[in-house]
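Student: Residue strings, one per chain:
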Amino acid sequence: MRKFWKKGAALLLSGLMVAGLAACGGSDSGNSGASNGSGSNTSGESSNSGDASGSADNGEIVKLVVWGVGSADTDDCNEVAAAISEITREKIGVEIELVRGQDAEQINLALTSGEAIDLLNYNNVDGQLAAIVRNSYAAPLDDLVEQYGQGALGVIDPVDLDACRFGGVLYALPDMKDTSRSAGFSMRKDIVDELGIEVPEMGTYDDMHKILTQVHEAYPDMYPLVPTWGGGGMQETLPTDPLGDNLGVLENAFNDTTEIVNFYATDSYREFCEMMYQWNQEGLIMPDATTTTENNLLSGNGFAMFENWKPGKELENYKSNGKEVVFMKVIEPYKYTSVCNGNSLIIPYSSAHPEKAMELWNLMYTDAEVSNLFINGIEGKHWVYTDDSKTFITTPEGVDANASGYSSVDWAWPNQQLTPIWEGGEADLWEQLSAFNKSGVASPAHGFSWDSSPVLNQVTACSNVVSSYNTALRWGALDPAENLPKFISELEDAGINDIIAEKQKQLDEFLAGK
Amino acid sequence: MKNVGRTLKRFWPLYLMFMPGVIYLFINCYIPMFGIQIAFRQYNARDGIYGSPWCGFKNFEFLFRTKDAFVMIRNTLLYNLVFIALGTVAAVSVAIILNEIRSSKAKQIYQTVILIPYLISMVIVSYLAFAFLSSSNGYINNSLLSAFGADPVDWYNTPKYWPVILVIVNLWKNLGYNMILYYATICGIDHTLYEAAVVDGANRWQQIRNVTLPSLKSTIIILTLMALGGIFRSDFGLFYQVPQNSGPLISVTQTIDTYVYRGLMQTNNIGMSSAAGVYQSVVGFVLVVTANLIVRKVDEESSLF
Chain A
235 MRKFWKKGAA LLLSGLMVAG LAACGGSDSG NSGASNGSGS NTSGESSNSG
285 DASGSADNGE IVKLVVWGVG SADTDDCNEV AAAISEITRE KIGVEIELVR
335 GQDAEQINLA LTSGEAIDLL NYNNVDGQLA AIVRNSYAAP LDDLVEQYGQ
385 GALGVIDPVD LDACRFGGVL YALPDMKDTS RSAGFSMRKD IVDELGIEVP
435 EMGTYDDMHK ILTQVHEAYP DMYPLVPTWG GGGMQETLPT DPLGDNLGVL
485 ENAFNDTTEI VNFYATDSYR EFCEMMYQWN QEGLIMPDAT TTTENNLLSG
535 NGFAMFENWK PGKELENYKS NGKEVVFMKV IEPYKYTSVC NGNSLIIPYS
585 SAHPEKAMEL WNLMYTDAEV SNLFINGIEG KHWVYTDDSK TFITTPEGVD
635 ANASGYSSVD WAWPNQQLTP IWEGGEADLW EQLSAFNKSG VASPAHGFSW
685 DSSPVLNQVT ACSNVVSSYN TALRWGALDP AENLPKFISE LEDAGINDII
735 AEKQKQLDEF LAGK
Chain B
2 MKNVGRTLKR FWPLYLMFMP GVIYLFINCY IPMFGIQIAF RQYNARDGIY
52 GSPWCGFKNF EFLFRTKDAF VMIRNTLLYN LVFIALGTVA AVSVAIILNE
102 IRSSKAKQIY QTVILIPYLI SMVIVSYLAF AFLSSSNGYI NNSLLSAFGA
152 DPVDWYNTPK YWPVILVIVN LWKNLGYNMI LYYATICGID HTLYEAAVVD
202 GANRWQQIRN VTLPSLKSTI IILTLMALGG IFRSDFGLFY QVPQNSGPLI
252 SVTQTIDTYV YRGLMQTNNI GMSSAAGVYQ SVVGFVLVVT ANLIVRKVDE
302 ESSLF
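Keeping their order, the protein sequence lines are chains A and B. For what it's worth, the numbering used here labels the leading residue of the first sequence as 235, then goes sequentially. For what it's worth, the numbering used here labels the leading residue of the second sequence as 2, then goes sequentially.
Chain B extracted, bound-state conformation (with noise of 0.2 Å):
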């Protein structure tokens, strides 16, 4: 007892710094978590949540129903994998590009152009893409591909292109803040490990590959855990806006959440919304929890708890 409070002496500061979030969480993130009985119950409106009648998995099994079931899966699992592993990668790379601008002003303006997609919303970034894919007035069709002679091409009723069109939407919208977290973390590294390495004759890359990257490390694993919790949910916006909702496309854009929306549209079933929320949920606490276990079998240091 006395330990906790010579700590809380010690550190108040950071503990008051702290109390902000704890609040914010508790009223957002505990206080609703009540509503997962929601999930087990078969609910109206008139009897409230207490009064509707349990009704144990029976609200899960639409998930489980039917092939949909697989592909809707694969796909928010395949895309999230790539969206971590390329999305990683080009974060870092530009954060380091980022990192060798000598000029600050450069830098700024940089930093501000790639963070700007991320604040505009989806439903302006699917007009965007639709500006560049509209089969009768888009860029593409009326522009380049005319330029070369090529055939315009039917964007919004051809699946085989939306996977790549997909990640490239969502690489450049999400980019920005990512490098941010890299670059600040990149700013805080040791000067003096620069110098030392540059004394022992190593050129940038060297540097970079020595220096630099082993100091992401943690920031990459730490980011990349999180990220796998969120393996099972999708940008609802980027899977439903931006390819306008096309039921060609549906084979290839298909999300856990795009199919709860579709299918719960007309029921307007409270409780199988509520249980596809758990369910995903669910399965990124475990991803979450299994990925940090093996991390901390890994490299302890890295480790999120």
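Only chain A is shown next, with the shape it has when bound in the complex (with noise of 0.2 Å):
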């Protein structure tokens, strides 16, 4: 009998294990078929739910959920879309769901599931918006805002909203925030102080080698050169307009050429990298840098980063590094169309209220009441002002500062514009923003999004090169010398030409429909 069980266990053991592995085989591709049956019922009840709580108030009142990005406590988030809804009821009719904080795969599931989501934002997706686009996610809008959207449409740039077209077809808006981006050296300002360093506001790449030359000597042990965040990341530092995937680019968007080049066979590429590499030979560099997963690593042992600039940028740096940081730019500001697209809301297809949602998303632009409680929180709970000239907020007394429950991302909402500043930056913050918007050269490209379907091979196998080479060749943990001609000539054989050949074919069509 003991036999018989022991026999009678291992069949079953074998068998749950080939079975096991026909799960894995089907899995990969069945998940997405799963969700998407589950998901569009609970799309369905939770619609339905909402009208039936709507019109038993009623009759007209419907609830909106909007995602935004950032990190919040749930219990926040329902406290601060309580305190939306107040406003809200009254003025279009609609209550709020607020959820914050997902991360790239919920959004994604939410998307392909057709979850009902009224307004999202996409910063977190890859790929972004034309991502987005190509999946064909987000709702038009050129209708909506035409009916409903006159506030927003009055203090968005027209040139920013440009950037938000596809096919000449609007899938959003631009937010209030930098549309232009200038770049250079974020850099610690005890360190600068104490070594008596003249920082430049305009410099050079040479300007810079010589500041981190004396840094290294001064202090041996410090990384004078540390990367953006984890993973060699690094703000991009050449006035390139990357059209979307920098696959295929426009070298200098700051000269009239719409010649799309390949941006790893440029020379601005190769000296960038050559130098990178020299820096590195020197010690100038943090060895780890392109495996390292740190974030804000100025907090540390590092001295200075790749960063971009924008009006009140220190105080960005300073609150997520906890140092002090004098910028010496490398570029002038300038705009292309990632810059301005980068961050914003959609209306998803799923959406049950897309008018409605889009009479909350003008709201966010219009309402200053509405804009400062998406952004910034409950009064008192979240922030408070710094005194009765209600110019500056600050953290409530006894609340840690990275720990409110309700982070405020003033960049990633519709318009920050609108919401007082807070403490530590300058009280004529908002006008230097929009002065160093209008500042920005636009790139001839400005406005183009390009279509990468019938390329889409091409795409994959390229950007699988891109990550063999590209992050270790720009912090020089590679030689140049050696390696990029190998990546060069993978890239033409993965078919970057046919890329080019065809982004430059939909880039004339552009230029040529303008």
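Hint data in this document are derived by calculation from the structure and do not stem from the laboratory. All residues carry an ideal CB built from backbone N, CA and C; glycine is no exception. Just so you know, not all the hints are guaranteed correct.
Taking beta-carbon pairs under 7 Å as the criterion, some of the chain A residues facing chain B (in silico) [what the hints assert, rightly or not]:
(1) Thr346
(2) Asn357
(3) Asn358
(4) Thr500
(5) Ser502
(6) Thr525
(7) Tyr583
(8) Pro688
(9) Asn691
(10) Ser701
(11) Tyr703
(12) Thr705
(13) Ala711
(14) Leu712
(15) Ala715
With a straight-line Cα cutoff of 35 Å, these simulated DSBU-like cross-link-like pairs (lysine-lysine) come out [claimed, not checked]:
(16) B:Lys161 / B:Lys174
(17) A:Lys739 / B:Lys108
(18) B:Lys68 / A:Lys720
(19) B:Lys106 / A:Lys739
(20) A:Lys444 / A:Lys557
(21) A:Lys748 / A:Lys563
(22) A:Lys547 / A:Lys557
(23) A:Lys553 / A:Lys444
(24) A:Lys739 / A:Lys423
(25) A:Lys624 / A:Lys544
(26) B:Lys59 / A:Lys748
(27) A:Lys423 / A:Lys720
(28) A:Lys423 / A:Lys615
(29) B:Lys10 / A:Lys720
(30) B:Lys174 / B:Lys106
(31) B:Lys59 / A:Lys720
Now the stretches of chain B that chain A is said to cover, found in silico as 3 or more residues with beta-carbon under 8 Å [claimed, not checked]:
(32) 130-136
(33) 148-158
(34) 167-179
(35) 207-217
The two chains are supplied separately, each in an independent frame; assemble them into the complex guided by the hints.
Tutor: See the structure below:
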């Protein structure tokens, strides 16, 4: 009998394992299918229940679901949503449910499964607006904004609005954040002051080299140059227009040429890599730059990093690193499509109330109280005025600045310029920001977004080649003399020239129709 | 029919035990299979699965387009073959050694210690590896190599070491689980066989060779067959997290799974990711059936079906 059970158990075990194997086989392709089915069910249910509760009230009030970025506790989100609902119920007959802090996977899953969301921030999604539009997740906005969004159109710069069009159709509205970019190096003020270094406002890479060398000599144990974020993060300091994905770019967005070139085969890229390789040889770069998973390295043993600049960026850096910084910019402000549309909201195709969603969106651009509630949360709980002049706000006493339960990510909402300024910033921050945005030189391809679907296979192959080389070359971990030619020839094998030809064709059509 | 009824009546406890597995499988593996069609459609969310247009094998093209296709298939296959071969040898050896230990307390301790890595998440393993290999703070560069006066090695930018590193990590992590399966079989071997062997004058080594190993044969074959079915899959964590996604290592760390991940992160193309999944499943299925055919030719008793 014992033997019988033993044999039975062995059989059962093996049977389960074979089946488990088949399970793995099905799951990759199956997951999306299964979630699709269940997702559409839940969406149906929730929109039903929303309607039901609405009609129980007075038959008009609808509940809108808003997904924003940044971390926040559910309780705090509910509280903020209740406060916003107080206002919006009166003004537009809408109640809010607010969800924040969803990552790319959760957003993708929600979008593929058609979850009922009425306004969604796509900042975390890879490929951002282009990927959203290509997968037809977003509702077209032209008619909606015409009818319900005049207030928003009143404050948005029409130049920026063009960046949210795909094939002439509007899919998002630009946030009132920095829509130009300037970039350079952010470095620690305490060290700069101590060594008496003069940091010019605009500088060159040679200036930076001198500064880094000086710091390296004075503090041999310090890492002079560190990644901006984990895994070799680096803000671009070359004046290119990446045209979406850096596969085929305008080498210099400041001049008028609209000829698309292979970024990785340009002289500016080669010179940059050679410079970084030399800096690395001289010990100016953190040894684990490409593999470290740490963020905010200036807070530790780092001195400088590549960083974008906009008015108020010093304060942002201070908030994340806990160190005061000074900036040396290497490129003047300029703008291209994805600077403007890199963060915004969409109305997902699955929204049951796109008109109401547009009305709410419009309110977020025009109503200071609504905008402030979405961005900073509730007065007294998440922020307080520093004094009676009501210019600056700060975290309430006894509340940890990094754990108030509702983090303030002001650029990630439609209109930060309606909100009070955080302590430490300058009183005319929003005027500075507007001036900065206006000063940006627009790339000749500004407003152009390309459709990669005709060459998707090439894009996939090229992205893979880029991930093998780009980070290591940029950080000087590989010798460009040896590896850059390999990189370029592999890109050509992977079909970069097909991509460039297709992109050029689309760009020429775009420019002709402008 | 009568026979079926009688079997059911006689073995009902076994069938009852079987049910949770069957239900689990049906819900998790068979129902989702209808999603396979996504691989052959140009999927978009608005039209849904049934509404999206068919596109034949277009989604599969990217898997074979470039010379990456060769590299990733080579890596996936070779690593898996090495994992299977070394993994089996190591697990069987450790299981036999464990069985030779007399003290049952020591036995339990060893067993637990060897199993622990299996329970650790790959992400944590990747940080353990980083603690060893980091060029600025790593244990190997700062303590071992410098102690012997050797030059530090830039591990994350030097591909040649990685086949060995990955094999070691994989072995370290998965040894415990396989070992337990073999150890359970060894425990089940009839003791009279050993007694008879001792009477015949067999020493320990002869006992292992002539009693233990032959008794393990069918377990080894079953586990190897199963592993073969997964030969086109790879542990994503092992090949992506452990090398810290370092670009220069891609020639030796790229597998089908990491290629699909890297390539599709930007495009979010569900059709193409499904195509990769279907491709892996089909190849795995064919391999299992073929390997089983061969086993059946050689030794019918040991084959799976």
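Student: Run every hint past the structure and note whether it holds.
Tutor: Results of checking the hints against the structure:
1. Thr346: holds (5 Å)
2. Asn357: Violated. Min distance 14 Å.
3. Asn358: violated (12 Å)
4. Thr500: violated (19 Å)
5. Ser502: Ser502 of chain A check fails; min Cβ-Cβ to chain B is 20 Å, beyond 7 Å.
6. Thr525: OK, holds: Thr525 of chain A within 7 Å of chain B, min 4 Å.
7. Tyr583: holds (5 Å)
8. Pro688: Violated: closest Cβ of chain B sits about 12 Å from Pro688 of chain A, beyond 7 Å.
9. Asn691: holds (4 Å)
10. Ser701: holds (5 Å)
11. Tyr703: Hint holds; Tyr703 of chain A Cβ to chain B Cβ min 6 Å, cut 7 Å.
12. Thr705: Interface hint status for Thr705 of chain A: holds (5 Å vs cutoff 7 Å).
13. Ala711: holds (5 Å)
14. Leu712: holds (6 Å)
15. Ala715: violated (15 Å)
16. B:Lys161 / B:Lys174: holds (21 Å)
17. A:Lys739 / B:Lys108: violated (70 Å)
18. B:Lys68 / A:Lys720: Roughly 13 Å between the alpha carbons, so the hint for Lys68 of chain B and Lys720 of chain A holds.
19. B:Lys106 / A:Lys739: Roughly 74 Å separates the two Cα atoms, so the pair is violated.
20. A:Lys444 / A:Lys557: It holds: about 22 Å lies between the C-alpha atoms, which stays within 35 Å.
21. A:Lys748 / A:Lys563: holds (32 Å)
22. A:Lys547 / A:Lys557: Holds, because 13 Å separates the two Cα atoms, which is no more than 35 Å.
23. A:Lys553 / A:Lys444: holds (28 Å)
24. A:Lys739 / A:Lys423: violated (47 Å)
25. A:Lys624 / A:Lys544: With a Cα-Cα distance of about 24 Å, the restraint between Lys624 of chain A and Lys544 of chain A holds, given a limit of 35 Å.
26. B:Lys59 / A:Lys748: Roughly 34 Å separates the two Cα atoms, so the pair holds.
27. A:Lys423 / A:Lys720: violated (40 Å)
28. A:Lys423 / A:Lys615: holds (32 Å)
29. B:Lys10 / A:Lys720: violated (69 Å)
30. B:Lys174 / B:Lys106: holds (23 Å)
31. B:Lys59 / A:Lys720: Holds, at roughly 29 Å.
32. 130-136: The restraint on the stretch 130-136 of chain B holds, since 3 of its residues have a Cβ under 8 Å from chain A and three suffice.
33. 148-158: holds (count 3)
34. 167-179: n = 0 at 8 Å, threshold three: violated.
35. 207-217: Result for this restraint: violated, n = 0.
Going down the numbered hints, you'll see the structure goes against 2, 3, 4, 5, 8, 15, 17, 19, 24, 27, 29, 34 and 35, while the others check out.
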